[in-house]
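Enquirer: Throw the hints in and build the complete structure from the sequences for me.
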Amino acid sequence: MEVVENLKHQVDIPQTIKEALGLEEKEFFNLVEKMADQAFDDQCTGANPRYPLISDLKELYVLAYRGCYTDAAAFNF
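Note that the numbering used here gives residue 39 to position 18 of the sequence shown, counting from 1, and the numbers run on in steps of one.
The set of hints was computed from the structure by calculation and includes no laboratory data. From a predicted model like this one, the values you see are computed outputs, not experimental measurements. Note that the Cβ used here is the ideal one computed from N, Cα and C, for glycine as well. Take these hints with a grain of salt, some might be off.
Straight-line Cα separation of at most 30 Å, DSS-like style, residue types lysine-lysine; simulated pairs [to be verified]:
1) Lys79 with Lys39
2) Lys29 with Lys79
3) Lys29 with Lys55
4) Lys79 with Lys47
5) Lys55 with Lys39
6) Lys29 with Lys39
7) Lys79 with Lys55
8) Lys47 with Lys29
Okay, the calculated beta carbon distance ranges per label pair [as the list claims (entries may be wrong)]:
9) Met56 with Val25: 17 to 23 Å
10) Asp58 with Asn27: 30 to 36 Å
11) His30 with Ser76: 18 to 24 Å
12) Leu28 with Gly67: 14 to 20 Å
13) Glu40 with Asp77: 22 to 28 Å
14) Arg87 with Phe61: 27 to 33 Å
15) Gln31 with Phe61: 29 to 35 Å
16) His30 with Leu74: 21 to 27 Å
Expert: Spelled out as structure tokens, the structure:
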């Protein structure tokens, strides 16, 4: 993950969903359920080696919103 974080800095792209979309936390949490459902229903999700739960997807979105990428290591991908 450190390599990805360094690359984001080098190419000057937003570091978090919050930065990328400019969503306040309340707005984000109003949308996260819908986003997780859409990600779960995406045709590519079934091709993943580990089929995620919707709760996994929500947690990943929250981590990406807050920029807590090291916490994503808790998921055994």
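Enquirer: Confirm or reject each hint.
Expert: These are the hints, each one checked on the structure:
1. Lys79 with Lys39: holds (15 Å)
2. Lys29 with Lys79: OK: Lys29 and Lys79 at ~23 Å, within 30 Å.
3. Lys29 with Lys55: Cα-Cα ~27 Å, so holds.
4. Lys79 with Lys47: Within the cut-off at roughly 15 Å; holds.
5. Lys55 with Lys39: holds (17 Å)
6. Lys29 with Lys39: Satisfied, since the Cα-Cα distance of roughly 15 Å is no more than 30 Å.
7. Lys79 with Lys55: holds (9 Å)
8. Lys47 with Lys29: It holds: about 26 Å lies between the C-alpha atoms, which stays within 30 Å.
9. Met56 with Val25: 17 to 23 Å: Since the Cβ atoms of Met56 and Val25 sit about 21 Å apart, the hinted range of 17 to 23 Å holds.
10. Asp58 with Asn27: 30 to 36 Å: Check passed, 33 Å falls within 30 to 36 Å.
11. His30 with Ser76: 18 to 24 Å: violated (31 Å)
12. Leu28 with Gly67: 14 to 20 Å: Roughly 29 Å apart at Cβ, these two residues miss the hinted range, so it is violated.
13. Glu40 with Asp77: 22 to 28 Å: holds (23 Å)
14. Arg87 with Phe61: 27 to 33 Å: violated (21 Å)
15. Gln31 with Phe61: 29 to 35 Å: holds (32 Å)
16. His30 with Leu74: 21 to 27 Å: Violated - the Cβ-Cβ distance for His30 and Leu74, about 32 Å, lies outside 21 to 27 Å.
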